[in-house]
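Undergrad: Here the protein sequences line up with chains A and B, keeping their order.
FYI, my numbering numbers position 96 of the first sequence as 96, with every residue one higher than the one before it.
FYI, my numbering numbers position 94 of the second sequence as 94, with every residue one higher than the one before it.
A hint or two may mislead.
For identical chains, the list gives no copy identity; a pair is met inside one copy or between any two copies.
Pairs of lysine to any residue residues, derived as SDA-like cross-links and limited to a Cα-Cα distance of at most 20 Å, are as follows [what the hints assert, rightly or not]: (1) Lys21 to Arg53; (2) Lys107 to Pro45; (3) Lys141 to Gln95; (4) Lys144 to Pro46; (5) Lys144 to Phe73.
In short, the hints are calculated from the structure, not lab data.
Protein chains: 2
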Amino acid sequence: DTVVNEERGSLDTAQIQLGMKYDVKDKRFALYVVQLSNTASFAVPPNEKVYVRIAVLPCSETTSCLFRTKAEFPQEYIRFNEVFWVAISHVALCQKTMRADVCCMTKSLQEQCLAGAQISLAEVSCSGERYTSWYNLLNYKYMKELNRM
Amino acid sequence: DTVVNEERGSLDTAQIQLGMKYDVKDKRFALYVVQLSNTASFAVPPNEKVYVRIAVLPCSETTSCLFRTKAEFPQEYIRFNEVFWVAISHVALCQKTMRADVCCMTKSLQEQCLAGAQISLAEVSCSGERYTSWYNLLNYKYMKELNRM
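Chain A with its partners taken away, still in its complex shape:
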């Protein structure tokens, strides 16, 4: 078994800390990308920065659905503290699924995503309070292996 880390549960798994808040009055959803932990567990190419790509899916034609944080060099904790807003009704939001992927740019300037979390927004609260949680990041290599099983 693994040594438990007080701050976020375990030392082995890369995680992302996200906050969410739905503002009923202004009909908008706030997504806070707080930080990443343990990005060493997926192989970032040397001297490359990583960033978080957020997608609120399926995309609608009337509002933004894709966001990217600034890029940072890997370290034990990468703090972003960025917030993204989506103008959307609560009913429509509850039908969406959010992907939060950790990506980098390849030398040929292609976006390469290394690991991600996927969060169903079916039960997003409309209380106006901000909820913050840590989510495990699933390495894309396990997804690929799974589809070969």
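Got chain A; can you put chain B on it based on the hints?
TA: The following block gives chain B in isolation, referenced to the frame of chain A:
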């Protein structure tokens, strides 16, 4: 906006209802695949049955990580009511991510997954109580589109 359905939030999005329970005494995790709703929203080939593939990732070498329900023809609600057990410590479980994918068999007997939910187990309770929730299913076509944006 969409008409709200009392039972599960909305009429448009395919969803899966899953239950989870961690049994501290026997160190095992129970996953209940209760039912699917609105599978008409992803294109199941005619006359094909669908089933749910559960994966608890990353796989470890000492316990099962991949499970499949029986297959059923698509209808508004597909009730499975199946339970799968994983022998695992709570600390190890909290580092896992679960995929619940809706799949079918192609004519060439390849498994084809149409849509899925991904659930971080970082904050799984060890209270021994069963928690049941509906999760939106993200169609694989949106994942593919995303990686072309």
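Undergrad: Can you give me the call for Lys107 and Pro45, within, between, both or neither, at a CA distance of at most 20 Å?
TA: within (10 Å within a copy, 40 Å between copies)
Undergrad: Treating 20 Å as the Cα threshold, decide for Lys144 and Pro46: within, between, both or neither.
TA: So Lys144 and Pro46 fail the 20 Å test inside a copy (23 Å) and across (27 Å) alike.
Undergrad: At most 20 Å between C-alpha atoms: does Lys141 with Gln95 qualify within a copy, between copies, both, or neither?
TA: between (28 Å within a copy, 16 Å between copies)
Undergrad: Taking 20 Å as the upper bound on the Cα-Cα distance, should Lys21 and Arg53 be classified as within, between, both, or neither?
TA: within (18 Å within a copy, 32 Å between copies)
Undergrad: Given a CA cutoff of 20 Å, do Lys144 and Phe73 count as a within-copy pair, a between-copy pair, both, or neither?
TA: neither (26 Å within a copy, 27 Å between copies)
In summary, the numbered hints that this structure violates are 4 and 5.
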